[in-house]
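K.L.:
The chain contents come next:
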Amino acid sequence: MAPGQEHVGPGRRNRQKEAHRLFWAALAAPGIIWLALLFIVPFYAILAIAGGQLDLFGVPVAVWNPLHWSSANFSAAWHDVAGSSAFVGPIIGRTLVYVALASLISLLIAYPVAYFVARFAGRRKALFLVLLIAPFWISYMMRMLAWIDLLQANGYVNKALSLLHLISQPVNWLGGLGITVVFGLVYGYIPYLILVLYAGLDRIDPALIEAGRDLGLGRVRTFVHVTLPLSRQAILTGMLITMLPMLGDYFTNQLLSGTSGTTMFGNVIDDQLSSSGGVLQGEGAVFSMLFLLVLVAPMIYYVVATNRSSQGAA
Amino acid sequence: MHPREGWTEDRRAGGLSRRSFLRQGAAAGLLAAGAGSLLPGCSSGTTTTTSGAHATGGIPLPRPNNPVTWPLSKDNPAIKSGLAPEQNATLRLFNWVAYINPDCLKAFGKKYNCKVEVTTFQNMDAALAKLRSGQLNFDVFFPTVDVMAQLVYGKLIQPLNHSYIPNITQAWPDFTNPFYDGKWQYTVPYTIYTTGIAWRKDHVNENPYTMANPWAMPWQAKHKNRVAILDDARESISLGLMKNGIFNLNTTNPNQITAAGKAIQDLARLTNVHVDNNDYTEVPSGQIWIHHAWSGDIAAAPSYMPKGVNVDVVGYWFPPDGRGPVGNDTITVLRGAPNPVLAHLFLNYMLDLNNVLTNISFNGYMQPVNGVTPQRLVKEQILPPSLMSTVVLPSYFRRGVMELQIPVATNALWEQAWLQAKST
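Here the protein sequences line up with chains E and A, keeping their order. With the first letter of the first sequence counted as 1, position 64 gets the number 64 in our numbering; the numbers rise by one all the way through. Offset between the second sequence (1-based) and our numbering: plus 1000.
Be aware that a few hints might be false.
Claimed, not checked - Below are the DSS-like pairs computed for lysine-lysine, each with C-alpha atoms no more than 30 Å apart in a straight line:
id, chain 1, residue 1, chain 2, residue 2
1, A, 1110, A, 1080
2, A, 1201, A, 1379
3, A, 1222, A, 1201
4, E, 159, A, 1201
5, A, 1155, A, 1183
6, A, 1224, E, 159
7, A, 1307, A, 1222
8, A, 1224, A, 1307
9, A, 1111, A, 1080
10, E, 159, A, 1307
11, A, 1224, A, 1262
12, A, 1222, E, 159
No lab work stands behind these hints, which were simulated from the structure alone.
Throw the hints in and build the complete structure from the sequences for me.
P.N.:
Here it is in structure tokens:
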């Protein structure tokens, strides 16, 4: 023991450890309570509506006691999915296709942008970041409304395509085209993906890339064997952050198409929740809940993959 | 259902009006507000109907052939006669978006030395939920006729003292004793409208006035991607019913409802039909060539025509014999209104012909007041001659069909049929 150093016995050390642990737990408590309130209470409210009933005017009434829950809404939802009058299956398939396409296009656009900002923007990095964040200053609705004007038959998109001789007739972009909805999703969510990818790419140690080059790899092979594997976690995070809201999106389709041929799953839930008098709200609550449970699967995969990655890095 | 359903302040109809999941709180509020009088039998008054059309729980369903006089209760009396209007007060209106001319409000405020504030709602369900919460202190409310039972049994509105509303004599006779509110105890009429077919004459060769079944006009594959129907279960399933030759737009027959839903599904497959309430912009802009539409929206078409395009290219068809969907809104005074006298005077003010014309010039929707005629609207340059078919005539409320409150189970059938049609 060094001179002047106080002897600390095992009992006191344990007490200090305990106090230390409690201190950090206390710091985390508000956040944990807040998250619990924001997740568990609304989730239970959805359950209470799903298992609830309608009053005399058809207004849904939540039943909070699980012992009194009705299976009517669950049964109705099941008939929509698998009954003789089922109609939800093709919509789920369409939603998955749209989201997969939109995610792929987003990744192909976002990755080079994020790579450029992280690796080559130099002193202008802050400027580019501000420009990337700028779309967030305008609400999602306003951005989509702007696209309605741009995509009109005589809008700037058609004018630009005509000028480039890419089209001979104006395209009816707002006429219920699936591709319009996909591009709407790409436009709406791509800033999230770029930011996440940028954060991941910016953290890659340049020395690792230089090492790859020093060991004789060309630019492409360095990217494929060094940069890409190191950014895998960022890609996964970014895709998750964009795909989850895309899967539940109803607004993009509503504004840019509005036809039954492009209906997404979010539109079905929205229609149920906004049904006249709320008569289908219970069924909408069942779908919302099932949707949430389905989306938990990729979240779990993400957590597992992140843990593996952390362990690998350690 | 309502032409302003889902409208936001920027006058776009979007899907933003998602109702809260906290409806259970609202329902509890209704029970509390009704103080146990949710069932008619518990009310201190009696409901008078001439026949026995009732929804679940004994709540009467007003129909033209089954008029309803709602009960009065001792704990919700009308105000006394002869009271002076509240001074330096702020009259608070709870209304649909863009549904009243601000000039009318300014003039009323000037006349009665008060301020007038408008708070808007996007759909009737959301508005009722807010009112049931009991947290709001509005004076005047603009409900549709199909929620009268909820308003009366929930004791959300107060009976009117007719001595403050002498202008009721200016209203069309049908509205001085309407079937949905016998003896106009709780309401005065506000806007009236029809639902018909709007089309672009420069793109569509067919003329609905010469067609055997004009309600089938949207079912044309050659106009694929250029056809739209209203985003509303009652309106669009009704379109399917009328296409199938059925004009009972409150039908409880599951087969008819299912067949109407299938007709809309066929329309979706045939034309990739648009489902929206933007008839007032999409037809003038030429984006849509055939739109299932509301009369007041199409009456407003001149404001939305692109430069260089004459409004004459827009047509609106409603059966000339009046046998089509008609509807009207009402104005009521809320129970517990802080300024009940001013509220009554406001109802009276909005039944005056000059104020009515000012109001129509703003929102396109007519009011059932004597003197509001097609000729007058054209003369006042409120309406172009080519859109005179958007005018609602008194006879329409005798020959027309109204979409009214239906039993809860039937409403679920309509909504389910609509959901499936929209998701085809």
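K.L.:
Under the constraints set out in the numbered hints, which ones does this structure not fulfil?
P.N.:
Failing hints: none at all.
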